[in-house]
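S.K.: Residue strings, one per chain:
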Amino acid sequence: MSITISMMEIVREHMARVGLKGLKRLKVRVGELTAVEPRALSFCFEAYVKGTEFEGAALDIEEVPYLGRCTGCGEKFHMEGFLQLCPRCEGVHIEELSGTELEIVSMEAS
Amino acid sequence: MHDFTIKEKILSKNDELAGENRVLLRERGVYSINMVSSPGSGKTSVIEKTLEALKGKLEVAVIEGDLQTDLDAQRIKKHGVPVRQITTGKACHLDAHLVGGALDWLFSHPEVRLLIIENVGNMVCPAEYDLGEDAKVVVMSAPEGDDKPLKYPAIFHASDVLLINKTDLIPHTDFSMARARKNALAINPGLKIFETSCVTGEGIDAWVNYLTGEMMTVVP
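The listed protein sequences derive, respectively, from chains P and A.
Our numbering applies: residue 1 is where the first sequence begins, and numbers increase by one.
Our numbering applies: residue 1001 is where the second sequence begins, and numbers increase by one.
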């Protein structure tokens, strides 16, 4: 819930800055490795907007997979079970490419 | 209808406050650790053992985060170090704002070189909230099972140090230290691991030596 509150405070600030009132859609990215469960975020969002100026707004969550690149053989892969292990050469020196995002991407408002 | 690109981290405000805490702590020459774990893994006991080991050598202060009660703070107080309780009510984690609010208190003890922050017992949300600490220390106890890192990858990924605690209980469980280490390192190859028991004292010296060594490199 505190994640939702932080998120909506940012939205509120941005909307005030550009003088908009009606939020229609909010797009966020949530990495697979974060401690944020997308379904729980949706639930908190719905609970939060009810009775506020944001009521009726939709939340789009883009789930970002936890991807890595093996620094040994260059293989790009999905880190299954969050394990930093190259499926091709079994190397353990993995550069993280994505999966730790927790960010607001954009909003649609009038 | 307007479309706006925002591109902002959801926890940007917390990160900003954490950055301010980090600067203030550094200016005062205070090294800080954020201790996280599930409830009942023995965080408070590890802190008590750490305080005993450092007694007379280094001035330490403790911030205790709990949903309710100051029971942990009372335990720490017996060791004669400054301790501040933060009760979060229903929030399952400390955040940078709460810790920032305790810094004036901390700096009223100018002799303090090490700040130990005991987070609320929870292995989920504390992974996302930077408090401004120099290192995050995750504690798991042997009876919780050697698969804990696989179940809560975010917190093990975010941490710098892992204390595998209650090693004295291993004979009574099917816990495998080799599997626990393998699982933790698979999630985070950079994790520094110590095996500790607050009953036998195993590993406490190694942990405390490491901690003070790290501290000396950051705030000599």
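Treat the hints with caution; some may be incorrect.
[To be verified] In silico DSS-like pairs for lysine-lysine, Cα to Cα no more than 25 Å straight-line:
id, chain 1, residue 1, chain 2, residue 2
1, A, K1055, P, K50
2, P, K21, A, K1013
3, A, K1009, P, K24
4, A, K1057, P, K50
5, P, K27, A, K1013
6, A, K1013, P, K50
7, A, K1013, P, K24
8, A, K1090, P, K21
9, P, K21, A, K1007
The set of hints was computed from the structure by calculation and includes no laboratory data.
S.K.: Confirm or reject each hint.
M.R.: Hint by hint, here is what the structure shows:
1. Using a Cα cut-off of 25 Å, the hinted pair A:K1055 and P:K50 is violated, with the two alpha carbons roughly 53 Å apart.
2. At roughly 22 Å between alpha-carbon atoms, P:K21 and A:K1013 fall within 25 Å of each other, so this suggested pair holds.
3. Under the criterion of a C-alpha separation no larger than 25 Å, the hint pairing A:K1009 with P:K24 is consistent with the structure, at around 20 Å.
4. Proposed proximity of A:K1057 and P:K50 is contradicted: the alpha carbons are some 55 Å apart, above 25 Å.
5. Of the pairs offered as hints, the one joining P:K27 and A:K1013 holds, with about 19 Å between alpha carbons and a cut-off of 25 Å not exceeded.
6. In summary, the hint linking A:K1013 to P:K50 is supported, as the alpha carbons are separated by about 24 Å, within the 25 Å threshold.
7. Straight-line distance between C-alpha atoms of A:K1013 and P:K24 comes to about 24 Å, which keeps the hinted pair within the 25 Å bound.
8. Distance check on the hinted pair: A:K1090 and P:K21 sit about 31 Å apart at the alpha-carbon level, beyond 25 Å; violated.
9. For the hint pairing P:K21 with A:K1007, the CA-to-CA distance comes to about 20 Å; that is within 25 Å, so the pair holds.
In terms of the numbered hints stated before, the structure departs from hints 1, 4, 8, listed from lowest to highest.
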